[in-house]
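A.B. asks: Line order of the protein sequences matches chains A and B. For the first sequence, full-length UniProt numbering assigns the number 1 to the initial residue and increments by one for each residue that follows. For the second sequence, full-length UniProt numbering assigns the number 1 to the initial residue and increments by one for each residue that follows.
Check each hint, because a few of them may be wrong.
Where chains are identical, the list cannot tell them apart; a pair therefore holds if satisfied intra-copy or between any two copies.
Simulated pairs of lysine-lysine, DSSO-like, Cα-Cα distance not exceeding 30 Å [as the list claims (entries may be wrong)]: (1) Lys139 to Lys184; (2) Lys504 to Lys32; (3) Lys148 to Lys184; (4) Lys502 to Lys32; (5) Lys68 to Lys497; (6) Lys497 to Lys32; (7) Lys433 to Lys139; (8) Lys412 to Lys148; (9) Lys433 to Lys334; (10) Lys451 to Lys497; (11) Lys192 to Lys451; (12) Lys424 to Lys160; (13) Lys412 to Lys139; (14) Lys424 to Lys148; (15) Lys424 to Lys502; (16) Lys153 to Lys139; (17) Lys305 to Lys184; (18) Lys334 to Lys246; (19) Lys36 to Lys68; (20) Lys36 to Lys497; (21) Lys419 to Lys161; (22) Lys68 to Lys424; (23) Lys148 to Lys305; (24) Lys139 to Lys18; (25) Lys502 to Lys68; (26) Lys18 to Lys334; (27) Lys451 to Lys334.
Note that these hints are calculated values from the structure, not bench results. No experiment lies behind these values; they were computed from the predicted model shown.
2 protein chains.
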Amino acid sequence: MVNPPGHTSRDGHQWTPKAGLVAGLPTLGTIKPQSKLRSADTIYDVAIIGGGYTGLTASRDLATSGHKTLLIEARDRIGGRSWSSNIDGYPFEMGGTWVHWTQPFIWRELFRYNLLGENLEVSMSHEGGINKCIVRPFKDRPAIFLEKEQEDKISESAIKKLVDVDGQLGRTVIPLPHDALRNKEAVAIFDKMSLGDRLSEIEHELSPLERNMVEGFLSITCGGQWHDSSFFELLRWWALSNWDYKGFMEMGLTYKLRCGQSGLQRCIFDEAVMSNNLDYSFSTPVATIHDQQNLVEITGRNGEKFRARSVICTVPLNVLHTIQFSPELLPLKKQASVEGHANHVVKCHVEVAKPSLRSLGTFNYPYGKLTYAFGDGTTPSGNTHLVAFGSSLPGVHLQPEENVQETLDAWKGLLPDTKEEDIKRVVFHNWHKDEFAQGAWEWFKPNQVSKYLDALRERQGNVWFGSADWAQGWRGFLDGGIEDGQRVAKEVADHLKTREIKVKL
Amino acid sequence: MVNPPGHTSRDGHQWTPKAGLVAGLPTLGTIKPQSKLRSADTIYDVAIIGGGYTGLTASRDLATSGHKTLLIEARDRIGGRSWSSNIDGYPFEMGGTWVHWTQPFIWRELFRYNLLGENLEVSMSHEGGINKCIVRPFKDRPAIFLEKEQEDKISESAIKKLVDVDGQLGRTVIPLPHDALRNKEAVAIFDKMSLGDRLSEIEHELSPLERNMVEGFLSITCGGQWHDSSFFELLRWWALSNWDYKGFMEMGLTYKLRCGQSGLQRCIFDEAVMSNNLDYSFSTPVATIHDQQNLVEITGRNGEKFRARSVICTVPLNVLHTIQFSPELLPLKKQASVEGHANHVVKCHVEVAKPSLRSLGTFNYPYGKLTYAFGDGTTPSGNTHLVAFGSSLPGVHLQPEENVQETLDAWKGLLPDTKEEDIKRVVFHNWHKDEFAQGAWEWFKPNQVSKYLDALRERQGNVWFGSADWAQGWRGFLDGGIEDGQRVAKEVADHLKTREIKVKL
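The following block holds chain A by itself, in its conformation from the complex:
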């Protein structure tokens, strides 16, 4: 570690009975001091805007291969939309959480830093305690308690009905999941469709319980509203999961890191720093990017200026349009960013003095402010940690910091026989209200894949654009961020090499 980790970030909130609601959370991801810069007239080989997985991967790849690299980050920490708050040595994942060995890019990183083996642990538990899934399909009727086997049976049946558009569980639509646009005819059909369109198509095939559970599940995977969320993105995720229910659950929601995402991010960042080729400036939101052909000038909101031969912009889709580019952002990039993707979900953790809830899963769609929750771990004090996702439906869209009592009530409504004094801690990050994210992980709206994906990946002069939001494989996942980070890093390295050879000639 370059400096002692464990500083408090401005991001996120914590509520405890004693302290009430407090902004900011401790994390391994806060970098102190916040900047390390050479002389002001330095011209960097590359400046990377944004220190999420994409920016970190690009920074590491370019700095360790000998490029004078600058990382500029708006926040006081690395990680972007995935980071963990480390409370008493226990990580609460504030954004992207789960990893799997079928996610090639993040798996390689875990292996690289020796973070496999005992560092991998399982979120959901089905042992001891309540060991039930609670479903509340009807507002005024009692909740239904399902055994694990029943839950899986109903969920699997419902999800298969949803994705089975071709009698082959979607295989013909996306035969190669990392090259999802290959079957152009099929993409054209399913990219137009919203999740709402597809749910209408199959509604007569779904039992009330099936419908309720699949909707509950979808509400937290797309994090948006049915009419506004592309069905194609679900088919893609399903294909990446081996067209299989078990794969879907295991690859998306099962294995997490004992060291937390910030632990892995710290390894990537520290390797870059150790190369002596990385400068950085945190708490530096970028205002303008001015590409002057041989040089790009970046100006921070507080007037800081940086110069580089090339720039990698990893600012999320929903935020891109807030930066002033000159020459202007390509029209399709701009339009995509102004429209934004659909996902505005809020993730919320609770610590409750009820060990029996470790094996609880619960759906609470569409009436609850928290729509889906499950036991995620046991804290050092022996309490159960559960993770939930908030509803994005109008009227019940949870903004936990605005009314923390409402959040506590939402948890109480979700957890059986739980009183307020059982709640020891609530931890969350409101991605919807976060100015540097303006949403959670990518879930495109209908038609956006066809219309914008290629344009979003396009280079513009000396500026490259990388993000999990427009990755090709596990787009919207941790893995996609690393995938696109290594893509742009390689492209920039190749470009600088060619430029160097040209200059010599």
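Once you have looked at the hints, place chain B on chain A.
C.D. replies: For chain B alone, kept in the frame of chain A given last:
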């Protein structure tokens, strides 16, 4: 490309009606000129012995991160036990062939060099033509013709009986496939078992057809004899395949590269060369490795001498003991190498003027010299290319170059209604007789995993050991080679960094 590709390697053999049997094959992997070396007194940061995937990955990772790197290779080409012969622009894969997106390390490389998309193609075809699987369980009875659905049904049923040691298809034995030794008790039980032991346990459960097909399949996956091949290694491969028959076939035998493995290898090698930090010496078999504490001296069989601060030895398990180490190779490493792994299969390609055979699959165990074959592609002349694997059973162990007529006869015996004049080309590499491989891909013998795996991965002084033969995940696969190459490269880079810091202090 650093130099015009497409030279002829000394490796492999080709038979055509016109030229008869000729040693050597054209490939993108032959490097000309064969060496690029600085002054004789150069002390390299690292010398890498062996230019298969492990050595190539390590060379690229270390050279691009600024280390003075030397690659020493016994052959005249890169690739080791995986390489493709490019004949009229069509690749015949002489060793490791198939790739999949669940193989994280090779998938990242394919992505890095933009070799996905149309470069990925499918081996087996089930469209048009004969579209049958032919099985010959009885020596003196006619062959049985199966439809694809029947073949899958029988194979799946047989393989599931084989792996289902726990009522959960082996999941409890290896819950985390890239950390396969985690469940120590289970490993102890199944590592002792040979494939023969397991086949005896379930023989009463298998129908004659099931037994014949599963044995045919196993004969070419382990490439050895039942009593000599570990059952644990099958359980591990099955776990990596998501404990699923479809996964098993798709991840192991389905997708290959239009550019051939040598095409991808060339990208890795060329990136290393472009860094200007890589020297190399091909056709340079190593005789001795002498670790003198601050320096390692490597001597080639022809007396060439090289010096480096650290060495990465990627020589295959079955060959390691032929190099003289001083200090001596750790006893467990030496013993493992002298014992060797079990796989001595020979891969053999045929080009036949019978387009209908593109959709043929055929088992020919235990009587045939070629035990399993299937349509693998269509050559530029419109002929069908089939790939087969030779038997490793005593008495029928195919040595194709020793009696090429026998090889032609074996093909005729395998392919329905095929006369000698239909055979336009035979291409093969006899790994069993290859002095720098002494076997094919790794398949451990019973007890070797428990006894040797940790020792094989161990560093010895300034010498690191990397190989697909002792990788942790897809051991014995292309992916495992890249995995272990990046491991040792990172370890050496960290070591050199620490050493540098110490020297400065």
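A.B. asks: State for each hint whether it applies.
C.D. replies: Right, here's what the structure says about each hint:
no., hint, result
1, Lys139 to Lys184, "neither (42 Å within a copy, 49 Å between copies)"
2, Lys504 to Lys32, "between (40 Å within a copy, 25 Å between copies)"
3, Lys148 to Lys184, "between (39 Å within a copy, 28 Å between copies)"
4, Lys502 to Lys32, "between (39 Å within a copy, 25 Å between copies)"
5, Lys68 to Lys497, "both (13 Å within a copy, 19 Å between copies)"
6, Lys497 to Lys32, "between (33 Å within a copy, 23 Å between copies)"
7, Lys433 to Lys139, "within (29 Å within a copy, 73 Å between copies)"
8, Lys412 to Lys148, "within (22 Å within a copy, 55 Å between copies)"
9, Lys433 to Lys334, "within (21 Å within a copy, 61 Å between copies)"
10, Lys451 to Lys497, "neither (32 Å within a copy, 47 Å between copies)"
11, Lys192 to Lys451, "within (10 Å within a copy, 57 Å between copies)"
12, Lys424 to Lys160, "neither (39 Å within a copy, 47 Å between copies)"
13, Lys412 to Lys139, "within (16 Å within a copy, 72 Å between copies)"
14, Lys424 to Lys148, "within (27 Å within a copy, 59 Å between copies)"
15, Lys424 to Lys502, "neither (63 Å within a copy, 48 Å between copies)"
16, Lys153 to Lys139, "within (23 Å within a copy, 47 Å between copies)"
17, Lys305 to Lys184, "neither (44 Å within a copy, 57 Å between copies)"
18, Lys334 to Lys246, "neither (38 Å within a copy, 43 Å between copies)"
19, Lys36 to Lys68, "both (13 Å within a copy, 28 Å between copies)"
20, Lys36 to Lys497, "both (26 Å within a copy, 21 Å between copies)"
21, Lys419 to Lys161, "neither (38 Å within a copy, 50 Å between copies)"
22, Lys68 to Lys424, "neither (47 Å within a copy, 56 Å between copies)"
23, Lys148 to Lys305, "neither (56 Å within a copy, 65 Å between copies)"
24, Lys139 to Lys18, "neither (33 Å within a copy, 81 Å between copies)"
25, Lys502 to Lys68, "both (19 Å within a copy, 25 Å between copies)"
26, Lys18 to Lys334, "neither (46 Å within a copy, 63 Å between copies)"
27, Lys451 to Lys334, "within (12 Å within a copy, 60 Å between copies)"
Checked against the numbered hints given earlier, this structure breaks hints 1, 10, 12, 15, 17, 18, 21, 22, 23, 24, 26; the rest are met.
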